[in-house]
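*Asks:* Make a model of the complete structure from these sequences and hints.
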Amino acid sequence: MVAFIIRRLIQSLFVMFFVALVSFSMFQFIGDPVNQMVGVETSLKERAELRERLGLNDPIPVQFFNYITDAVQGDFGISYQQKRPVSQMLVERLPATLELSLISALFSLLVGIPMGVYTGLNRNGFLAKCFLTISLIGISLPTFLIGILLIFFFSVTLANLQPISIFGLFMLDPKIFQLPSFGRGTVVDLGWWTTGLLTVDGLKALIMPSITLGLFQLTLIMRLVRSEMLEVLRTDYIKFARARGLRNRAVNFGHALKNTMVPVITITGLQVGSIIAFAIITETVFQWPGMGQMFLQAVTNVDIPIMAAYLMLIAFFFVVINLIVDMLYYVVDPRLRIDTGKGSGHG
Amino acid sequence: MADPLLQVRNLVVEFPTRRGTLTAVDNISFDIAEGEVLGVVGESGAGKSLTGAAIIGLLEPPGQVGAGEILLEGRRIDNLPYEQMRRIRGKQIGAIFQDPLTSLNPLYSVGRQLTETIMTHTDMTPTKARERAIELLTEVGIPAPARRVDQYPHQFSGGMRQRVVIALALAVNPRLVVADEPTTALDVSIQAQIIALLKKLCRDHGTAVMLVTHDMGVIAETADRVAVMYAGRIAEIGPVREVIKNAKHPYTHGLMGSIPAVGHDAERLEQIPGSMPRLTDIPQGCAFNPRCPQAHGRCFRDRPEPLPVEDSRVACWLYDEANALSYEDAKRAVAAKEQVSEAQLEEQANV
Ligand SMILES: Nc1ncnc2c1ncn2[C@@H]1O[C@H](COP(=O)(O)OP(=O)(O)OP(=O)(O)O)[C@@H](O)[C@H]1O
Ligand code: SF4
Ligand SMILES: [Mg+2]
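For the protein sequence lines, the chains are A and B, in the order given. Last residue of the first sequence: 347 (our numbering), numbering continuous. Last residue of the second sequence: 351 (our numbering), numbering continuous.
What the hints contain is simulated information worked out from the structure, not anything from laboratory work. Note that CB positions come from ideal geometry on N, CA and C, so glycine has one too. You may find that some hints are simply not true.
[To be verified] Far from chain A, some chain B residues (derived; all Cβ distances over 10 angstroms):
#1 R18
#2 R19
#3 G63
#4 R75
#5 G90
#6 P126
#7 T138
#8 D204
#9 E242
[Claimed, not checked] Listed next, the stretches of chain A that the computed footprint assigns to chain B, with coverage defined by at least 3 CB atoms under 8 angstroms from CB atoms of chain B:
#10 241-252
#11 326-337
*Replies:* Structure (structure tokens):
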């Protein structure tokens with residue numbers, strides 16, 4: 001197990017090294033950093049000084065080495081546009097993106113898995129067929145469209161509806177279902193982390209962006225769990241489990257669902273990575289003050305330090321998630337544990 | 001006389017399809033007594049597995065029991081709701097399937113699978129169940145059971161896994177075990193061991209067995225009675241000596257042409273030319289008539305039902321003709337009759 005983790009760590013380091021190389025080369029190929037940083041009226045002499053101070057006259061390998069050592073220490077340079085340290089800007093924006101991604105991932109898992117199990121077990125049920133049809137829509141609609149439709153209904157339409165009388169008993173104001181369409185709502189400051197999870201307002205603000213961001217993954221996970229369940233339910237060990245008279249619950253969840261978990265973990269891991277990466281679109285639609293939005297602004301302004309840092313951070317998340325996924329395999333599947341010999345009992 | 005342990009009465013297993021209903025098991029009846037080993041043989045597709053699946057109540061849809069009944073200790077079990085049948089499965093009727101490599105859930109230790117089975121059917125505590133699990137592993141001949149109980153299926157060899165499967169099937173002492181080709185997937189060298197183990201355990205516990213196999217050698221050594229199935233019907237059923245030494249049905253006769261030693265697969269029944277008809281084109285009359293060397297007029301018209309002949313029951317018109325006592329007698333009787341009718345024909349022609 002330890003050897004395995006070390007091997008994976010080394011692989012991860014390689015991946016990060018190459019991503020750093022790509023990030024670094026952006027500085028070389030996309031415009032001249034000095035031109036980006038100074039105004040038109042800066043003299044040539046001042047430009048040369050700045051060039052020297054930034055180390056841009058050093059040989060490229062030295063520059064790369066410096067870039068990496070700085071990055072490892074959390075220093076990604078200064079934003080061209082905002083003249084502030086990139087790391088500081090990232091840290092400010094990180095909580096918004098991570099909270100949004102986390103809630104979307106939870107939403108897609110907690111809804112997607114049960115729906116997948118349900119549709120797998122009741123293959124021909126009416127509800128299962130409804131789920132499948134709806135999931136097709138979820139898979140084929142682009143993210144931003146879902147976001148815009150949600151905003152249109154929950155923020156615009158509901159705001160314009162008159163209160164309705166319910167059986168003459170009480171008045172129902174549709175506005176209580178109205179959801180905010182932009183921003184994080186009220187956030188609570190916990191030192192270096194700001195959270196929207198502790199206020200009603202913040203939670204409400206999370207609902208639509210999370211659904212928008214998680215819907216695609218939800219349908220994906222549901223369909224994956226469904227097809228895996230169908231596959232596993234046909235296996236001999238499920239037949240044998242039934243032949244032993246195990247309760248349905250034990251067969252379906254204890255035996256069948258657990259065997260679908262390895263592929264589900266794989267896909268979920270990859271999906272959590274893409275949720276974080278694809279938050280860009282959702283953040284734009286909902287004016288969500290996260291890293292994705294910052295990245296888009298940086299692209300518009302050719303603010304290379306931010307783009308480079310964002311790239312590395314996303315790669316870092318992918319690598320970490322992959323490591324976690326690999327370790328989860330170990331927990332779930334005894335066949336992968338090193339101890340396959342006929343030796344000791346516990347794996 | 002007490003009821004037999006298991007009674008199968010006019011069982012029909014069918015598959016409704018768009019182009020009509022396929023009848024895969026067609027009106028079969030047999031009993032299994034307490035502690036008896038009933039061997040079931042027949043070519044691939046004869047309906048052996050479906051019969052077993054119907055008994056344990058695990059026919060896979062769209063397969064269904066179309067008619068008939070199955071009684072366990074006199075109580076009807078084929079129409080029980082799922083939950084009631086579930087309580088019977090494992091507890092009163094155990095099952096062993098063909099492939100030990102895939103019968104165990106790879107993600108759970110064998111101990112966990114054993115205790116789970118035990119605790120589902122009894123109110124043993126987890127500690128007690130674990131002790132029982134180790135005991136069972138000992139009983140099926142797994143060395144160092146106290147250690148191996150915590151190991152996972154992939155840490156066992158095929159033969160060892162089938163021992164675990166047997167332990168699981170017998171975990172709470174069922175009255176009947178349906179063993180569907182329990183050794184076919186195994187290495188020839190360990191097939192005999194597994195059969196011997198199954199036989200010994202069932203004898204010790206008084207467990208009855210329905211043993212489905214292609215291996216006549218296994219039947220000869222293990223079974224008390226044999227049912228020979230052909231195209232979803234029982235051709236002949238009777239005491240093992242009777243069926244092997246003194247086969248009555250022409251199909252059985254062909255089957256017994258040569259009985260290889262245990263472990264040799266007698267799947268290819270080459271001595272009978274032709275092959276079993278598909279479910280969609282079972283001929284009228286006796287299903288065996290296209291291949292039967294003794295087929296005669298009636299065989300193409302009416303379907304023979306199993307009738308008692310000596311200690312067996314045989315579904316063949318030969319035995320109706322003369323109430324014959326042996327295959328040879330029967331053949332002779334039919335031949336004689338056909339000569340007579342030929343003579344009559346000639347007479348008629350001469351007139
Ligand atoms: N789902 C199904 N739909 C239609 N026919 C089926 C289906 N399942 C099984 N059958 C048919 O039922 C017949 C009996 O099958 P069964 O599995 O009982 O045969 P078997 O005697 O166990 O053969 P084997 O020795 O190969 O195991 C076969 O002819 C098969 O084609
Ligand atoms: S009934 Fe006729 S065809 Fe069938 S086995 Fe007997 S003799 Fe042959
Ligand atoms: Mg079979």
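*Asks:* Each hint: holds or not?
*Replies:* Hints and how they fare:
Here R18/B stays apart from chain A, with its beta-carbon at least about 16 angstroms from theirs, past the 10 angstroms limit. The beta carbon of R19/B sits about 20 angstroms from the closest Cβ of chain A, which is more than 10 angstroms, so the claim that it is off the interface holds. Distance to chain A confirms G63/B as a non-interface residue, since its nearest Cβ pair spans about 13 angstroms, more than 10 angstroms. Even its closest Cβ contact with chain A, about 16 angstroms, leaves R75/B beyond 10 angstroms, as expected for a residue assigned away from the interface.
Non-interface status of G90/B relative to chain A is broken: a Cβ of that chain comes within 10 angstroms, the nearest being about 3 angstroms off. Non-interface call for P126/B relative to chain A: holds, since the shortest CB-CB distance, roughly 15 angstroms, exceeds 10 angstroms. For T138/B, the condition that its CB be more than 10 angstroms from all CB atoms of chain A holds, with the nearest at approximately 16 angstroms. The claim that D204/B is not at the interface with chain A holds, since no C-beta of that chain comes within 10 angstroms of its own (minimum 20 angstroms).
Separation of E242/B from chain A is adequate, the least Cβ-Cβ distance of about 32 angstroms exceeding the 10 angstroms criterion. Check result for the segment 241-252 of chain A against chain B: holds, 9 residues qualifying (beta carbon to beta carbon below 8 angstroms, three or more required). Evaluation of the coverage hint for the segment 326-337 of chain A: fulfilled, as 4 residues show C-beta separations to chain B shorter than 8 angstroms, against a requirement of three.
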